[in-house]
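Protein chains in written order, with this note's numbering: chain A, 830 to 1155; chain B, 830 to 1155.
No wet-lab data here; the hints were simulated from the structure. As the structure is a computational prediction, the values presented were derived from the model and not from experiment. Treat the hints with caution; some may be incorrect.
[Stated by the list, open to error] Straight-line alpha carbon distances no greater than 25 Å define the calculated SDA-like cross-link-like pairs of lysine to any residue that follow: (1) LYS1124(A) with ASP838(B); (2) LYS904(A) with GLN978(A); (3) LYS884(A) with ARG985(A); (4) LYS941(A) with ARG921(B); (5) LYS904(B) with GLY1017(B); (6) LYS1124(B) with TYR1115(A); (7) LYS884(A) with GLU982(A); (8) LYS1124(B) with ARG926(A).
[What the hints assert, rightly or not] Derived Cβ-Cβ restraints for the label pairs, each shown as a range: (9) GLY924(B) with PHE987(A): 32 to 38 Å; (10) PRO892(A) with GLN1034(B): 35 to 41 Å; (11) ASP1126(A) with GLY924(B): 16 to 22 Å; (12) ARG885(B) with ASP1071(A): 39 to 45 Å; (13) ARG940(A) with GLN1034(B): 36 to 42 Å; (14) GLU839(A) with ASP890(B): 52 to 58 Å.
By construction, the Cβ of each residue, glycine as well, lies at the ideal position given by its N, Cα and C atoms.
2 protein chains.
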Amino acid sequence: MAVYTEVADEELAQFIDSYGLGAVVSCKGIAEGVENTNYLVATASGQFILTLYEKRVARDDLPFFLGLMEHLAAKGLSCPTPVRDREGCNLRELGGRPAALVTFLEGLWLRKPQPRHCHSVGVALARLHLAGQDFAIPRVNALGPAGWQPLFERFRGFADSVTPGLADTIEREMAAILADWPQQLPAGVIHADLFPDNVFFRGDQLSGLIDFYFACNDMFAYDIAVCLNAWCFEPDVTFNRDKGVALLAGYQSVRPLTGPERVAVPTLARGAALRFLLTRAHDWVYTPADALVVKHDPIPYLQRLVFHSSVVAEGSAATYGLEDQP
Amino acid sequence: MAVYTEVADEELAQFIDSYGLGAVVSCKGIAEGVENTNYLVATASGQFILTLYEKRVARDDLPFFLGLMEHLAAKGLSCPTPVRDREGCNLRELGGRPAALVTFLEGLWLRKPQPRHCHSVGVALARLHLAGQDFAIPRVNALGPAGWQPLFERFRGFADSVTPGLADTIEREMAAILADWPQQLPAGVIHADLFPDNVFFRGDQLSGLIDFYFACNDMFAYDIAVCLNAWCFEPDVTFNRDKGVALLAGYQSVRPLTGPERVAVPTLARGAALRFLLTRAHDWVYTPADALVVKHDPIPYLQRLVFHSSVVAEGSAATYGLEDQP
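For reference, chain A alone in the conformation it holds in the complex (with noise of 0.2 Å):
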């Protein structure tokens, strides 16, 4: 739930008459997004959203994502293109805060996916992963494996009252993961955090991918493993296999997984699980009640990671739909 930081108009009128775009047209804070402040802003020129970057967004992290952005955009990939002023800067300052303007993408996110959708998303996740090969700036996934621990300590004391046994979960869940957790597979720009409502349609058209504030580099199977977290489970929290059939035959219709990958696949899986359950359960530890987000319920990951523990026990990616691929 958005818009933090409100922005006086005088100020709001400067900023966008920065950009030569034309007098603002109208402006409405948007009710999506956790971490930042977003608007909708129409000019004479079109509609742009922008965002106001929270505390939460390291600045110094800012040149990464408006930098990647731009990046994939150029390569063809429909994403929010920065827009720079006439200055040539893409980053500005607004009500205190950091700010930039993006262009604006059309489309709606699924609020329940079909098959035929995961197999769009699996398209689009590899064109990501094949686009951002070159892109010069690094970034480190502060919440990869080395960050797991770190973030468990800040909340362990609170876990069982998330629900009873969390903690001693977790901390068994954590300690197998790591020892079962790949380092050699092909890896690059990955998203991270490609959920239902970062992946736009326009029907069953996918139009375009949005919200890149979590990526960094890591594998590419880790980014394929969020997604079949993200969008191969059914709201009961059953696997649905055609599904990740169809995410899967998607992404290798475009980049084809090794046969490492392919072993990977429930580690990742399973790893991904729990970085969703850590953040999750953390939050619900911690937001405030009275805090205008939506607390993330952290159970449902803590469903899945039980269910990716029993495929990785089975020693088989074919639950995933993993045997069916070429």
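Chain A is fixed; fit chain B onto it per the hints.
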């Protein structure tokens, strides 16, 4: 902070299809308005606001609200206009809620209105009063004097938790205001909630009025009194006489006040301050701490109430700038 009701893709597509406006191009939840869920929807035909009416709005009142917007728009007032579907209906259902599609109004609301803007608001308010005169459906002001006591009773026991002594102050003020309340002033359809966030400007030009969901039949001068409270106080809750002069002059340039209306302004302003103090204090006490709404601080309305009481004691509306008017 809106978006209480999520809408599924297919449902939205079907809903929009019934208006014959082309397919949905984008749909964003808007983080404004505390009563209803609002989406900004774009189709091939343009932009629209899709409103899902939440429980706080009585379904029986919707024909009044929607009919009033149509009536005012037909009279040339710039306001959102309900769109009728292929069967001629302007009220449908979506996501289990009553829902309407209205035209999108360009413009921004002013965070720091100046006297010249207050003048425009006065003009627009008077035009609204004239345009609404032949609207056929009546609606009682649920937050008029008859509603104050029952509303107060709901939180009286907790009032001093908002600020010590509040219960006594409200009781004393309410009795004094009710004793003075005028009865026979010119009346008709009033907006009853014309705060800055409900008035859009493009540059210095007022582009339209929104949010008619408190509109009702009551004295015109009470609507002016609401605006004096809403537009003419500075952030430190001092009254800005220049703004009062401008608002009243703007109004009277379209519809001059009668003698009895001029005399009643201080009492009406005091009553309007009490009305907003009551609803804000009520909501302050009852809004769950984890609700996704901004709780409005009641204290600035207690301060306004004290100010208006002193004006009433002085026995003159000159403080508001009314003596400067023709």
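### Query
Which numbered hints are broken by the structure, listed smallest first?
Result: hints 2 and 14 break, sorted rising.
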